[in-house]
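> Listed here are the chains, written in short residue letters.
Protein chains: 2
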Amino acid sequence: MEGGPTLRLRVFDLNCWAIRYLSKRRQERVQLIGDVLRRESFDLVLLQEVWSERDYSDLKEKLGSRYPFSHYFRSGVIGSGLCVFSRFPILDTLLYQYSLNGYPYMLQHGDWFCGKSVGLGRWWHGVIMAMLPPSCQLHAEYCREKDAYLPHRLVQAWELAQFIRHTSKAADVVLVGGDLNMHPEDVGIRLLRGWTGLRDAFTEATRFEGCEDGCTLVPNNCFTVKSELLPFPLGIRIDYILYKVTSGVPRGSVLGPVLFNIVQGGWHPTEPPLSSTEATLADVVTEARTEVGVGLRAAQRQRYSTGRMAVLALLLLLLQAAAALGTLAGLGAGQPFPKLSFTLLAFLAIGVLLLATGLHLFHTMEVKMLQGTEEQMRMALRALQERP
Amino acid sequence: MEGGPTLRLRVFDLNCWAIRYLSKRRQERVQLIGDVLRRESFDLVLLQEVWSERDYSDLKEKLGSRYPFSHYFRSGVIGSGLCVFSRFPILDTLLYQYSLNGYPYMLQHGDWFCGKSVGLGRWWHGVIMAMLPPSCQLHAEYCREKDAYLPHRLVQAWELAQFIRHTSKAADVVLVGGDLNMHPEDVGIRLLRGWTGLRDAFTEATRFEGCEDGCTLVPNNCFTVKSELLPFPLGIRIDYILYKVTSGVPRGSVLGPVLFNIVQGGWHPTEPPLSSTEATLADVVTEARTEVGVGLRAAQRQRYSTGRMAVLALLLLLLQAAAALGTLAGLGAGQPFPKLSFTLLAFLAIGVLLLATGLHLFHTMEVKMLQGTEEQMRMALRALQERP
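These protein sequence lines are chains D and E, in that order.
So for the first sequence, full-length UniProt numbering puts the first residue at 1; every next one is plus one.
So for the second sequence, full-length UniProt numbering puts the first residue at 1; every next one is plus one.
For the record, the hints were derived by calculation from the structure and aren't laboratory data.
Check before you lean on any hint, since a few could be wrong.
A pair counts as met if it fits within one copy or between any two copies, since identical chains are not told apart.
[What the hints assert, rightly or not] Computed cross-link-like contacts, SDA-like style, restricted to lysine to any residue with a CA-CA straight-line distance of at most 25 angstroms: (1) 169 <-> 383; (2) 60 <-> 381; (3) 60 <-> 328; (4) 62 <-> 382; (5) 226 <-> 20; (6) 169 <-> 88; (7) 62 <-> 383; (8) 244 <-> 183; (9) 244 <-> 197; (10) 60 <-> 379.
Nothing here was measured: the structure is a model prediction, and the numbers come from that model.
Given only the sequences and the hints, what does the whole structure look like? Please build it.
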């Protein structure tokens, strides 16, 4: 309905890369980000990778006059790194933890220790917002072909899509901002957009000011690792603002920060005919399901091999216990091994047993979650095919 | 609106206590449960503690003709134990994992290993359903006063309430069934009901057939541990069916299984005046917040003591390393300790270091989640107080 009251939203989204002790010139950058935010007047500010609560408190203090409402989402060992600043009161928040988020033993990636979650806020005019924290460091092209994290990232994309579907039924405007760690044409992005009906603010924009092709990780940035971006001389686009308007129509010009002009009313944006959309969506879900299946088989293999290792370590321990008992009972001809090696071997076996058992439990969980996602996708495919 | 089309729902809810290798006469009981369900014609069947997927498959095969739609919620190492059978197509499901669920080292309770989650299903007529799995074994009265799990259970009740609020905005009927492991007057139940507006099917029932006071864990049950129920000669009520109708009015007679007669229409059930309700709700949230605060301080103490233990173990290791290096460099006067004791001590220190570090990480997470919940509750209280 043209001519209705206009809702204009200025949204700012940034992955701050503010890891304590690790990120270069962290405090200086956080301070500068705060300066920019205080100078500009956004309506919503979505920040990711603010890992230190101290940084959040500093920002909160600095921005209190311009953005009186804020929230920091706590989760995981280190935290979720997600926070939001707002000009409007935040009515309610909810945190959803992904069921899979990398491996605890991949310490160098550290994803498992981060809060594997999506934060949701609800504002008074029905805006709902979700932020996806970076699920894991995106690997450059030479690694994209053997991306071990792909099934986990697809499970996360699926869970995020499901979460948005279920929590946004009554929202007028849905905004999803964050570092999705996926290229625009990747199956995870297509799945997320297809299953939720979210639109990409960059591709829908009538006006855009920013890096070429909307890239958000560019070689010109003095903090990026140049070698990782070798296959992409222009850079890559992995940060997104996605949106959906259910009770109005977005007419947006997108600058660095996204700007929405939302006309309140009952008019719905024109959609492509349902049947063709659903055929494409079914293809995307099928593709994602295939990848999840590949991950499932890998997880099953790892569950099996860690289980076998645990059993072997247990057998070794039992053998040692039998030998020790035999020596004590005076059956053996003296001490077959030197005491020290014997003890060391026992401790080694105990260590392997504990480690292998822990990993076995972890991969059991992984198998369950991948199976669950695969089944949900099958259910979704059936629903898509059965719809008249 | 009287006289509108009537929606009649027959709902069955049961904690099946079907733990592989542990539950007595499991297979026999599961078979009998299947027989009853096949004989009766319910619309929705919510089962908890079906830990074995094999049991679920058996039930699915048996019940396929009467309940063509079903779903098993997978999560955790062992699983969530939740499944649902339905006469109506299940459009969509979602699993929400609680952020806290007991302690990994409390092996005898085993809660940490279970799927700490609530399952949600959506049906074609807008029914939304959530099932809360047993969060942990309820302790009898002598333990209720020193209930170490209370803060965790309150976090779960709060997260469940938030989850229901956010996912049920567009639902006509909300049903929550499950073993909540809380007495009707407990703060967790009051919090859940107050914050969501859910009604207790038992107290609202005009007709009821079942155990006295609606008890669901009774001494007469040959599988219950009599000693645990000594302070409650009649038994206790810990299983619930809660409901909310937003676009109709429930007129229910409640038998063993809950029976709803829902008249579709725009009429809303009469509610007590808003201000008095909100005053009570604020009291409940305050009470819950106090308990969460108690849990938070306990978790902070544990985080501190496990951290200290890790540091001590690390110091011991460093000391040993220095002594060993000193001996190697020929500084010491020979070997100060026998080699075996020295090695044993080193392994002990490594073990303590690993264990204490793991526990420290766990309690750090616990602190974060308790802090997060406390802040959400504070936000809720402010919203309650500020509302005109």
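> Report the numbers of all earlier hints that the structure fails to satisfy, in ascending order.
3
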